[in-house]
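Asks: What follows is the residue order along each chain.
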Amino acid sequence: MTITTLKLNLGPQHPSTHGVLRLLLELDGEKILSCEPDVGYLHRGMEKMAEKMSYIQYLPTVDRIDYLAGFFYSELLCRIIENATGIELPDKVRAIRVMLLELNRISSHLLWVGAFLMDLGAVSPFFYAFREREMILRFFEKLTGQRMMYNYFVFGGVRKDIEYLDDVNEIISVLPEKINDYEKIITENPIFLRRTEKKGVLEAGKAINYAITGVNLRASGIDYDYRNQDSLYKGFDFRTIVLEGKDAWARYKVRIMEMRESINIIKQALDYLKKAKPLEQHLIPPVNLKLPEGDYTAQIEAPRGLACCFVRSDGTDKPCRLKWRTGSYYSVNLLRELLVGEYLNDAIAVAGSLDIILPEVDK
Amino acid sequence: MLELSRALLEGLWTVFKHLFKKPVTLEYPEKRREMNNVFRGKLEVSGCVGCGICQKVCPSGAITFKKDEYGKVYFYKFDLKKCIFCGNCAFYCPKGAIKMTKYYELACEKSEELELVYKGGCDD
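Residue numbers (my numbering), protein chains in the order written: chain A, 60 to 422; chain B, 54 to 177.
One thing to keep in mind: the hints can contain errors.
As the list claims (entries may be wrong) - Some, not all, of what chain A presents toward chain B, calculated at C-beta under 7 Å:
| # | residue |
| --- | --- |
| 1 | Lys201 |
| 2 | Asn210 |
| 3 | Gln340 |
| 4 | Val346 |
| 5 | Asp376 |
Calculated from the structure, these hints are not laboratory results. All residues carry an ideal CB built from backbone N, CA and C; glycine is no exception.
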């Protein structure tokens, strides 16, 4: 008797692949024998494009690297320019940036909660998560002018002083209760537990070998959060959430707990901003901003893992080479091993639990 | 088993409570949301002096600016098909001549309607 295997294309148009991820699966019955992720359907040449644009022209486009967490990538590029030109950020700008970054992290995690549950077949939490995310996006829209492509950070500061702090107050007073609601619906739901417990187990050693960072690493029991070393977060008091579960459920739980921790950080930033004086800044950077010759890097803890930017400057107003390191790219790679031995039904649950976002992978 | 059904019932009750809440969505296009003043929608230009900085800071090449052969009259075109509404031109404009309006429904029959063409004279 000969055993034949079935090759199955999962994606790139599958609604649960969060964009355009194609997974080439080899199946024996319903069991996955091998998985080959195929990326690049959303490649926009973000790195090559930078070589033909000045830093000021490039800044609005970096929001599009990860459209769910645009502030993080703007912050990263701003940080490179600020480090290279020796600009010191005022405390108020630091507090504004931390507050917006953490709100952005919450909105990104909220979308993940909704989309992940949708992948597993639960429709209601998707709408609840979007409802709360909408509150945050409305605040961003009031402040920056757009809902997702903010373009609010500029080199050395922010475009204009912070406003609408009452909205933030309302968000952080409402959110903990809503997160409790999600937990009531999801966390101990027997169907959810069956779909996620012991599924996609990621051992700590494997996570390190695959250069996994962020929530996925912390759910495997490794205490690493770049925010602890980040000078932007200096003076803010927060815990690093680490769980030993290693499975899809642990990754869900870490994200939920991280949202609560982000609310704590926002509270601290908000308390500072309420008392702070109006921002005095004359921030129209020179149109021909030039970086001194040399190599520059900066890192930040984005919602999907450590994000890193490298710029090589030859002394002109355009980067000679620019490179992005994004968390999702490494998570996609991990699917090669994580899906082997799982059932086809669980492929989406495991892939979804890693919080992959394809624009960030393909750049 | 008892624990599991308790969790299930609690979840269902939380979902059930939502049935009695007001809907949070608007039925577009019958009802539209009011945009705030800083919303970055369609561009509007008035009081331009023809310095050309907007062209230099535009990331998508949506702005073309040129002067005539005598350098007295200039033309500029904002191509909204290319525009990514980042607001760089409005932010860097030294005269505050470029404004972004609340208008965001840009669908139209002819593509020329999305090209804003202006002509002006240079002072010097």
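Asks: Does each hint fit the structure? Answer for all of them.
Replies: Structure-based check of all given hints:
A hinted interface residue such as Lys201(A) counts as satisfied when its beta carbon comes closer than 7 Å to some beta carbon of chain B; here the least separation is about 5 Å, so the hint holds. Nearest Cβ of chain B to the Cβ of Asn210(A): about 5 Å, under the 7 Å cut. The hint holds. Here the hint on Gln340(A) is broken, as its CB sits about 13 Å from the closest CB of chain B, past 7 Å. Hint on Val346(A) holds. Least Cβ distance to chain B is approximately 5 Å, under the 7 Å limit.
Using the Cβ-Cβ criterion of 7 Å, the hint placing Asp376(A) at the interface with chain B is not satisfied: the shortest such distance is roughly 10 Å.
Hints 3 and 5 from the list above are not met by this structure, while the remaining hints are.
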